[in-house]
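Chemist: Whole structure, please, built from the sequences with the hints as guidance.
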Amino acid sequence: MRRPSRLLRFVVLAYVTALVGLPLGFVFQRVLARGLGSLWAALGDPQMDAAILLTVKVALIAVPLNVVFGVGASLWIARHPSRATRALDAVIDVPLAVSPIIIGLILELAYAQGGWFGSTIARLGWRVMFSLPGIVLASVFVSLPLVSRQVIPLLREIGDHQEQTAATLGAGPVRIFFTITLRAITWALAYGVSLTMARVIGEYGAVLIVSGNIALVTQTLTLNIGGNFENFNAYQGFVGASLLASASIAVLVVLSVARHRERRRHGHLTA
Amino acid sequence: MGISLHNITKRFGPDLVLDDVSDEVPSGTLTALLGPSGSGKSTLLRVVAGLEASDAGHVVLGGRDVTNVPARERRIGFCFQDYAPFFQMTVFDNVAYGLRVRKTPKAQIRREVDDLLSLVRLESFADRYPRQLSGGQRQRMALARALAIKPEVLLLDEPFAALDAQVSAELRTWVRSLQHELGVTTILVTHNQFEAMEIGDRLVILNQGRVEQTGAPSVVYDHPANDFVYAFLGPTTTWGRVPVRPHDLELCRVDKGTAVTVTEVVRLGFEVRVVVANALGVPTWVQLTHDEAQRLDPRVGDVVGVRVRVAEFAALSRHAQDRPVAGR
Amino acid sequence: MRRSFKGLAVTYLSLVVLIPFAALVTKAFAGGPAAFFGAVTQRESMDALGLTLLCALVGSAVNAVAGLATAWVLVRDRFVGQGLLNAVIDLPFALPTVVAGVTLYTLYGPSSPFHVNVTGTWIGVTVAIMFVTLPFTVRAVQPVLESLTFNAEAAASTLGASSAHVFRTVTLPVLAPALLTGTGLAFARAIGEYGSVVFISNNLPYRSQVASSYIYSLTTSGQTRSAGAVSVALLVIALVVLTACGAVSRRLTHGRR
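Protein chains in written order, with the numbering used here: chain A, 1 to 271; chain B, 1 to 328; chain C, 1 to 257.
Think of the hints as simulated: they come from the structure by calculation, not from any bench. Since the structure is predicted, the reported quantities are computational estimates derived from the model, not experimental observations. There may be inaccurate statements among the hints.
Unchecked claim - Over the 12 Å line for every Cβ pair with chain B, so calculated as not near, a few chain A residues: (1) Leu36; (2) Leu39; (3) Ile52; (4) Leu96; (5) Ala112; (6) Pro153.
Claimed, not checked - Partial pick of chain A residues on the chain C-facing surface, computed with a CB cut under 10 Å: (7) Leu105; (8) Leu244; (9) Val251.
Beta carbons are placed, not taken as given, at the ideal position from N, Cα and C, and that holds for glycine.
Modeler: Structure follows, in structure tokens:
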């Protein structure tokens, strides 16, 4: 079969570079243009530092929550097909198609002062909106399907013969999970966890509504970047953006390695 | 360690997959569970293994009723049709898996796994990964893995189905001698009647979830309980509206038998099939050995005679009159 | 243990997804159907929805073609840097939308180094959408292309068909279902996009405001009922498009067999 023409290759490379590569490179160019001294000073900005801390906290809670849920739900859905698990699968996929702003809105409708659970929450002395739990909730919502979308197809494809064999050899469910299942889905899981991490630290619209964007208290790094831009602190904004862009690149590396490992395992990609 | 199956019944939704199946598997034998696709044989094997629960009935292993005992505690070895290798582990770790579960000391594991790998002739593959192995090698690894825990019963689900003819033939003979040597009670599921008859001490023939007949291969072949068993176990053709084995017919001089015309000659190397048609055009085929065919040299268009080999005809008429009862 | 996990999972899902959604639908219709339709058909709402749909449509369509071409080059070609290209495609998945938003604004806005200013125009919004949706179509088509053997195409060639003809009649029909699904997902994502478009769109009501920004302004000004109504409208559009794409996609797959 003839290879695609050189022209097509050039056009595609040009398109992707212009559309995707350029903005990425631009972020770093702007940040480094003023020299390392300014960069260092900007990294010490208290508002941004508070935002970084908050983002890390949210990630440390939301990502493990969704990974545990994701793996458990995937096992259930893949190994026990039924109407119930099909419904579960569909519900989990919902957040993919919903605008982050709408997600923020509906969380507010459910958990804010005037919302469905508002009074119950207040009576218990908790806060959801404008505080950490709300931000975690929003982060969990937007990244809900990212692990299962990778793991479920793989579990289905592998089948459960290995797990059944391990059972006949005397292994209990926990041992089977850790020695067989987890090892079989390692790279798909890595892929899903990376995407989850990226989504959680990168969420903007939903967190904007849920957190109230209170500087130093409930402002995540993404909100911080947006705020700096709106206040014409473009450079500070770009410094924050470069931190997140670096994290994204790290995520891309993991995704790439995971994809490569999966391909080696079976000869085509799962994306 | 004998196996007793009592009235095993299993439904998948509306389908009755196993219908009141009972059998006694004598200790130390290799029983072939034979039947066409959908006959329930794999399901039965999984019920014996404890990987599937029956709706009714009992499974007894060596005098112990294990019906409600999980697979993990039944002390059985199971091999899937796809061998189910643990792809993420080396061949050594695959075979050692069951021993590690039992917390066997490291040195002992090393010894036993090495012995097993020698037994299955995979010693030099210990550090390889399953994806680097051929189908036949994976099969041997799966066997070694199952045998590592010294099971009292060995269950093999269509172990040779995915292999090419030559590898399959070699492996069959090898499994047969291994089983003889170790004396492990073995049940082997297959849809291939030749395979079953070649290595089985006894056959259990299943059709649509019911046992049609059990017995030694020669007994079942020569004294089939019903038409299904007759047709399933060997080649059949019709002669005067009666089903017969093509090898029970022979070619002769036109005046010594019924006159027919040769319409096709198929040479399969070791056997030659001669398709003939009588005056009404009804086809029959006759099976000749390689040597017979060389001697007789049938050609398309020849007019020859066909008759039943005398000794077998006596057996045939006995058939028609009193059929043996299907073994239970 | 399995039963307690089931219970936990259902609770988790309810708190996170089901209950909030119920709250949305209830709120949206709190004033009755008349109020619902009133909110959706407000001029500002219609303008926002119109702009959003236009840009999402154009952006997804362009990326359907671009995604196909990119997947083709990734699968069928061999060149230095191919691995890098493959990795970079995922960037819009991994990069925070706000980073894309502010960067695109700086690149193609008032202080653009290329002296290109598309802020406040549908073009600017569409470019942002193209950025965000590229991976959807590429990753949808790529696996299908990879598992495709050349046999059917080779057969067609031996029968005398030209490359273009082979592509149109043999390859494309096989890829069409996946491409359609990918484009549907891209479209659904595009109509809800916020962080990457809000800066470059300038957010002027009636002129250059996308649906998500409109909903945001309604929410922050306390008009949650109208915000709910427009949200439901947007979700319905996404649902219709996704269902349609899925149905056509399945039809095409079965028709082939």
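Chemist: Out of the numbered hints, which ones does the structure contradict?
Modeler: none
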